[in-house]
Structure formats: structure tokens, C-alpha cells
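Asks: These protein sequences, in sequence, are chains A and B. Take the first sequence: its letter number 247 is residue 246 in numbering that gives the first Met the number 0, and every next letter is one higher. Take the second sequence: its letter number 181 is residue 180 in numbering that gives the first Met the number 0, and every next letter is one higher.
These are calculated hints, taken from the structure and not from any lab test. A couple of the hints might just be wrong.
[As the list claims (entries may be wrong)] Label pairs and their in silico Cβ distance ranges:
1. B:L31 / A:P41: 53 to 61 Å
2. B:E196 / A:R181: 38 to 46 Å
3. B:E196 / A:M148: 34 to 42 Å
4. A:R157 / B:L184: 36 to 44 Å
Owing to the predicted nature of the structure, the values given are computational and were not obtained by experimental measurement. Just so you know, even glycine gets a beta-carbon here, dropped at the ideal spot from N, CA and C.
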Amino acid sequence: MRPDQTAIRAAAKAPLPKPRGSFGRPRAISIDHVSKAYGATPILESIRLDIEPGELVALLGPSGSGKTTLLRLLAGLETPSAGVVRFDGEDASQFSVQERRVGFVFQSYALFRHMTVFDNIAYGLTVRPRRLRPRREAIAGRVAELLAMMQLGGFERRYPAELSGGQRQRVALARALAIEPRVLLLDEPFGALDAKVRKDLRKWLRDIHDRTGLTTVFVTHDQAEAMEIADRVAILNAGRIEQIGAPSEVRLAPATAFVRSFLD
Amino acid sequence: MPLNAAFGLAAAWCVGKFQFVGKSLLVTLIDLPFSVSPVVSGFVFVLLFGANGWFGRWLAAHHVQIVFAAPGIVLATLFVTFPFVARELIPTLQAQGTAEEEVALTLGASGLRAFFTVTLPNARWALLSGMLLANARAMGEFGAVSVVSGHIRGLTNTTPLQVEILYNEYSIAAAFSLASLLALLALVTLGLKTLLERFGGGAPHAA
Numbered sequence: 000m001r002p003d004q005t006a007i008r009a010a011a012k013a014p015l016p017k018p019r020g021s022f023g024r025p026r027a028i029s030i031d032h033v034s035k036a037y038g039a040t041p042i043l044e045s046i047r048l049d050i051e052p053g054e055l056v057a058l059l060g061p062s063g064s065g066k067t068t069l070l071r072l073l074a075g076l077e078t079p080s081a082g083v084v085r086f087d088g089e090d091a092s093q094f095s096v097q098e099r100r101v102g103f104v105f106q107s108y109a110l111f112r113h114m115t116v117f118d119n120i121a122y123g124l125t126v127r128p129r130r131l132r133p134r135r136e137a138i139a140g141r142v143a144e145l146l147a148m149m150q151l152g153g154f155e156r157r158y159p160a161e162l163s164g165g166q167r168q169r170v171a172l173a174r175a176l177a178i179e180p181r182v183l184l185l186d187e188p189f190g191a192l193d194a195k196v197r198k199d200l201r202k203w204l205r206d207i208h209d210r211t212g213l214t215t216v217f218v219t220h221d222q223a224e225a226m227e228i229a230d231r232v233a234i235l236n237a238g239r240i241e242q243i244g245a246p247s248e249v250r251l252a253p254a255t256a257f258v259r260s261f262l263d
Numbered sequence: 000m001p002l003n004a005a006f007g008l009a010a011a012w013c014v015g016k017f018q019f020v021g022k023s024l025l026v027t028l029i030d031l032p033f034s035v036s037p038v039v040s041g042f043v044f045v046l047l048f049g050a051n052g053w054f055g056r057w058l059a060a061h062h063v064q065i066v067f068a069a070p071g072i073v074l075a076t077l078f079v080t081f082p083f084v085a086r087e088l089i090p091t092l093q094a095q096g097t098a099e100e101e102v103a104l105t106l107g108a109s110g111l112r113a114f115f116t117v118t119l120p121n122a123r124w125a126l127l128s129g130m131l132l133a134n135a136r137a138m139g140e141f142g143a144v145s146v147v148s149g150h151i152r153g154l155t156n157t158t159p160l161q162v163e164i165l166y167n168e169y170s171i172a173a174a175f176s177l178a179s180l181l182a183l184l185a186l187v188t189l190g191l192k193t194l195l196e197r198f199g200g201g202a203p204h205a206a
């Protein structure tokens, strides 16, 4: 191979300059004019939202506002009709769901009902291709660590049907964290729980977030929940973002009539 | 039977987990063997693969015999029993939804991997009971097989056909004993299915 060709190839392989966030680092997630429509029905219209690394952002809105669809777009479970999603400055459309390494927690938890708690949490590690798969002891160690973090010690042999709602929620979160995701996406994380458990888990989720430092996006229709734990809140209505800001900002200066009435 | 399970599973998976154009057409096609008389389907097979059929000449040239031979019986039985597995599986797969598979994908599993580690284990009891039903039907199938097999004794005779032959030859005792055997097998199959439902239905949730 002639040297000039080598140079050209090296240049072609070099990463493109990345768009930078305000801290000089690329934004963890950048949603750039993203729209989604099913047939003629628009679900999301030209959404713009930048999320900094380590931030905890709530997508708040009434049901049907498109917040879950937005979360699924981030995970790669849906593809945008228009616009670009970027992870760390790179266009996410080039990555498959599997390559995105997102920790996604479903509203209904979607635990594998035929597997024990242990197998559920270990799943993301055991399905890795052989050369990337940790050894059996390493997987067991990681699962034990997560069980301890989620205060689920002693439950590893149980099946999902034998757990309470709050415990299932924590197993689902542990399973998502096991793959060391680059972002954590939670769809109505406390939606199916009773009021008392919800309150406890809110604080606890904020705690987990602060300990892991993971960029986290969660969807909720409960404004008290969003205001209490999120760094920033994005309020959605009918497929559009009405306002983005810190909870105190949004509360003190609602940008639209919708935001005002929704927060009341 | 394995063939039937594979086809039924594939069809049920498509119908149960995906939305696509022509889905209702596929569901109708799956139900077709239920609504068409087995004798008619037997005739269609003869028409297709018989000596004067559409593929008859080509098959004869390649020395493949389907009609009046074992492959014909297998084909006819397959067609008639096809809906059982698919019908058992579709409601199960639909009820499960797609969330568990989607989680598997976000955790890094390939589509195939997700199917074998998540979809299939969750549907295994429905699959088994569908296979049992299909098996029961296959043992008793008369119409389609009767047309296709040609009643060649010792070669292409199935149990129900043998019952008819014996009955027509006034060997009443033999005919009834064979028929009782069939009935017994059917009862055993139903018993197995009930057992499956009792243990299988509960196990994945409470095991």
C-alpha cells in the first residue's frame, strides 16, 4: 500500500468534530427537531431538547402527549420520522437498539416471568457474545452487587410473581443497570405503585441517580413527582414541548397557559 | 408434528407480535383448514400432485410419488392440523405483549436470541397443548387422508381407514376394538392436555 493511501484512510477513519455542549463536553443526549407520526397522525412535532451528562430530566405531560414515544425514540425502539437524536454528539440512528446501551425500565417492568430475579438481572450480561461475556463468577458478583444496592438481598431465587410491586420495580432497575448503560430511561417508574411506596421510591431513585451519576430521563404524568426529583422538567402537550426548565423556574414563571393549568 | 409446530409457531409469532398489512388475510388463511371439509382438501392434493395434476408430470419425471403414498398422507395431515398450534399460540403471544422482548433488545440480545430466551419459554405451554391437539387430530384424521392415501393395505393405511375397511368387511369386533383403541388414545391426549393446563398454567407464575 502506498503511503498517501494510508494517510487518506487514516483521515477517513478519524472521528468527525463533534458538536459541543456548554461545558465543552458533547451533550449526553441531543434531540434535534425530532418528529414522529404514525401514518397521518402526528405524535411528536419538532422536539428540541438537550440533556447534559449526569442530568436527571423529567418528561412531564398528560397521557397522549407523546412523552412515552419520545422515550422510545431515545431507546431506539422507534425511529423518528424526521430529525436527529445524538448520543455524545454522534447520530444515534447508526446504532441499533442493542448497540445504544440504554437502560430502559418499562412502566409494567416487563420482568422475564419465567426467570428468577438472579437470571433477570444477569440477562444483559449472559446474552453478550462469548468473547465479550464476563465469566460466570464475574456475573454473579455483579448481580450480588446490584442486589445489595437495591436492598434485594436474599431474593435472587424468587420469581417475579412472588415479589411486591416495589420489589419488581427495583429488580427492573437492577436489570437495566447491569449492562452499565450510558443513559437510563424510565417510563412512569412509579406509575403502578401505591402512594406510600411512590414517595419512598422517589427519594431512593434520586439517591441511585446521584450515586451512579447516570444521565437519566424519566417519563411521568405526576407533576409533584417531577418537581421533587428532577434537575430539569420538560413539559409536553399534544406532541410539543411547552416549556423546559428547572422545577423552580417552571413553577414561578409558567411559559404558557397550559403549563400554568397543568401545574395547578 | 415438529413441522407443524414450527409453522404454527412462525405464523403465530407474526400475527401475535407484529402489525402489518394483510394480517387479517393471514389469519383467515390459518383458519381455512377448519372451514374447508377435509375431503375437499384431500381432493385438492390429488388435483395438485396426482398423475394428471399440475405437478404430477414433473413429479413422475423425478420419480417422486406423493399421492397414494406416505408423503401424501403427511401433507394432508399437516394441512388439516395446521391451525391447532397457531390458534393456541396467537392469544398467548398477544396477551404477553412485546415489552419483555423489547427489554431483551435494549439489554443487548439479538432478535433471534430474544425469541428463544424470552418469547418461546413464555409460550411453551401453549405450544405443547397446541401440539397435543394437533396430534389428536392427526391420529383421527379420516377425510383428507382417505382420498389421498388410496387405501393400499399395509402401505398407506392409517388407523381410522383400517376401521372403515374392517367395518365394511363385517369384521365388527375388529373394527370396534380398533375404534376403541383410537378413542382411548384421544382420551389419553385430552387427559395430558388437562394435566398440562393444571401444572403448566400455574408453574411459570408460581413455580
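Asks: Against each hint, give a clear statement of whether it holds in the structure.
Replies: We went through each hint and held it up to the structure:
no.: 1; hint: B:L31 / A:P41: 53 to 61 Å; result: 39 Å, violated
no.: 2; hint: B:E196 / A:R181: 38 to 46 Å; result: 44 Å, holds
no.: 3; hint: B:E196 / A:M148: 34 to 42 Å; result: 40 Å, holds
no.: 4; hint: A:R157 / B:L184: 36 to 44 Å; result: 40 Å, holds
Hint compliance for this structure: hint 1 is the single one not met.
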